[in-house]
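K.L.:
Okay, here's what each chain looks like letter by letter:
There are 4 protein chains.
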Amino acid sequence: MSEKNESWPDLAGRVVDGPDGRHHILPVRVYFEDTDFSGLVYHASYVRWFERGRSDFLRLLGGDHRRLIDGSGGTEPAAFVVRRMSIDFLKPSRIDEVLEVETRVKQVGAASLTLVQTVRRSDTTIAEAEVTVVLISVSGKPLRISEALREAFREQGKSASV
Amino acid sequence: MSEKNESWPDLAGRVVDGPDGRHHILPVRVYFEDTDFSGLVYHASYVRWFERGRSDFLRLLGGDHRRLIDGSGGTEPAAFVVRRMSIDFLKPSRIDEVLEVETRVKQVGAASLTLVQTVRRSDTTIAEAEVTVVLISVSGKPLRISEALREAFREQGKSASV
Amino acid sequence: MSEKNESWPDLAGRVVDGPDGRHHILPVRVYFEDTDFSGLVYHASYVRWFERGRSDFLRLLGGDHRRLIDGSGGTEPAAFVVRRMSIDFLKPSRIDEVLEVETRVKQVGAASLTLVQTVRRSDTTIAEAEVTVVLISVSGKPLRISEALREAFREQGKSASV
Amino acid sequence: MSEKNESWPDLAGRVVDGPDGRHHILPVRVYFEDTDFSGLVYHASYVRWFERGRSDFLRLLGGDHRRLIDGSGGTEPAAFVVRRMSIDFLKPSRIDEVLEVETRVKQVGAASLTLVQTVRRSDTTIAEAEVTVVLISVSGKPLRISEALREAFREQGKSASV
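Chains as they are written, first to last, in numbering that gives the first Met the number 0: chain A, 0 to 161; chain B, 0 to 161; chain C, 0 to 161; chain D, 0 to 161.
Some clues are possibly wrong.
It does not matter which identical chain is used: a pair holds within one copy or between any two.
[To be verified] Dumping the calculated DSSO-like pairs for lysine-lysine here, alpha-carbon to alpha-carbon at most 30 angstroms:
#1 Lys90 with Lys140
#2 Lys90 with Lys105
#3 Lys105 with Lys140
To be clear, the hints were calculated from the coordinates, so they are not data collected in a lab.
Note that the structure is predicted; figures quoted are calculated from it, not measured.
Modelling step: build the complete structure from the supplied sequences, incorporating the hints.
P.N.:
Shown next, in the form of structure tokens:
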């Protein structure tokens, strides 16, 4: 069951099937907190926004998968942590703008997941990232991602990986 | 004309008329960035959320008012800055929760505006703030808020100020 | 034993006895991350800086007190959380400036502590706060502050409370 | 003339000549604001720390170079902005730890500068980044870095680039 919020249906963004494959989109508004004295968005704000995109992408994969992740499914509590991240900052963005964070599955490994994420303003790509996350138990050791969850990720990335 | 985003209609929240008056509501999701090692939301995150609420409340007051504020209406560019803020942190909140930031006009002065803001989770009040903002020109001097804008604020606070 | 770092002796600031009493001073540099598009420091940055001041003030009270706090002294693990905070934002500050966060004990209660904190640039007060923190166990219940720790706080505030 | 703060001599870190070349070191304390609910440092905090390291590295290059950068030397006001960044997150770090941000010059281009930065805890590398920054005028166009400034950067990286 997908975890939708009744009062605010789009709060976790949407999973869409575009011409270039299935992906998750999360809208982000640029607030004061995201900018710096240069007048533009501070570069670390994109890093926070990419994390929001990944969190909501996982959220929309539905309850069963989150149960696997948070340990409520009977397995050891665990979380995805970022292992590697590379970002190209291509264009500036500014206060009050509405941007969209796109998240796509690139590769599914035994204990890791590689995502391609972009921040766009309409058709303009503002920033682009490749992010590798690994599943780590609360006690700190890497965990194998369950077959069900890997299958769900593969499904997400399906049409994208042509 | 109210400034609505077509693709994401609720992105700036909503102005609602409740039993206790008209106010603005903005939903906020708790992400990793908002929490700290205690497992709870970091207290300064509420300060950022209150600012988002105020920004989107102003946004929904519509284009004419924003033109006054940002100088595009022919007046000197200016912004509301926080002059005083007091916050009560009443209950903890946690990762993944959906909270709502409520913003109400309490008092409209010649150059200042006092707002009452709360963060709620359903019927539970998590944090409560009283915030006074003043209109400051880019060159740093306090500005008189235009009569049109003051009237708009009074209108917002109308049923609330019984 | 006070917890000093050998390589960076001032990293946690200093406890000083001034004409107006004993207090803790922590220097803070204004970086990109602390500013917003207005060109000034973002108001929530002061909230983060006040927290740094309180953390380092506690740090310099010495190891025994921290052991009480973090549970390593055999008591239940606990942390001070902010219960109430009021801030006056008096003057703007800007990128690259060196500011000082002053922290003074105002009142010591059974389970709470009230501090007065200011951010200064030389003799100019930029922001001023009164902050009440309470000791909360990891399981969420308020804890009585140990007599030893209360005595240490009283000692800090001694000359200040004339 | 190097820009030292009299009261807090190490506030901008230090330039040191190590066995593996000259580099800049900035100490960083882990505060509440830097952690998340996993109990560890939030990954975007490293991005902020790397920026602090770069800012203070530039600061210690001395006043003349900063004058070039901020336009007070008679040239167009400009700032270095991040164009590309890749980070490996190798080990976790935790609240209260003292870390060191190391910054080294890797390559000096006509309008860009590539730096290698690490976050260490004693001999342990916590995170490692390669960051390319470009000099951009306030109006948004890339600027040629002055020969004097390029020479200063080359000097910094000298022993490192054997």
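K.L.:
Give a verdict on every hint.
P.N.:
Each hint, compared with the structure:
1. In this assembly of identical chains, the alpha carbons of lysine 90 and lysine 140 lie at most 30 angstroms apart only when taken from different copies (12 angstroms versus 38 angstroms within one copy).
2. Taking the shortest alpha-carbon separations for lysine 90 and lysine 105, both the intra-copy value of 23 angstroms and the inter-copy value of 24 angstroms come in at or below 30 angstroms.
3. In the homo-oligomer, the alpha carbons of lysine 105 and lysine 140 lie at most 30 angstroms apart inside one protomer (24 angstroms), although the nearest pairing across protomers, at 34 angstroms, exceeds that limit.
In summary, the structure agrees with every hint in the numbered list given earlier.
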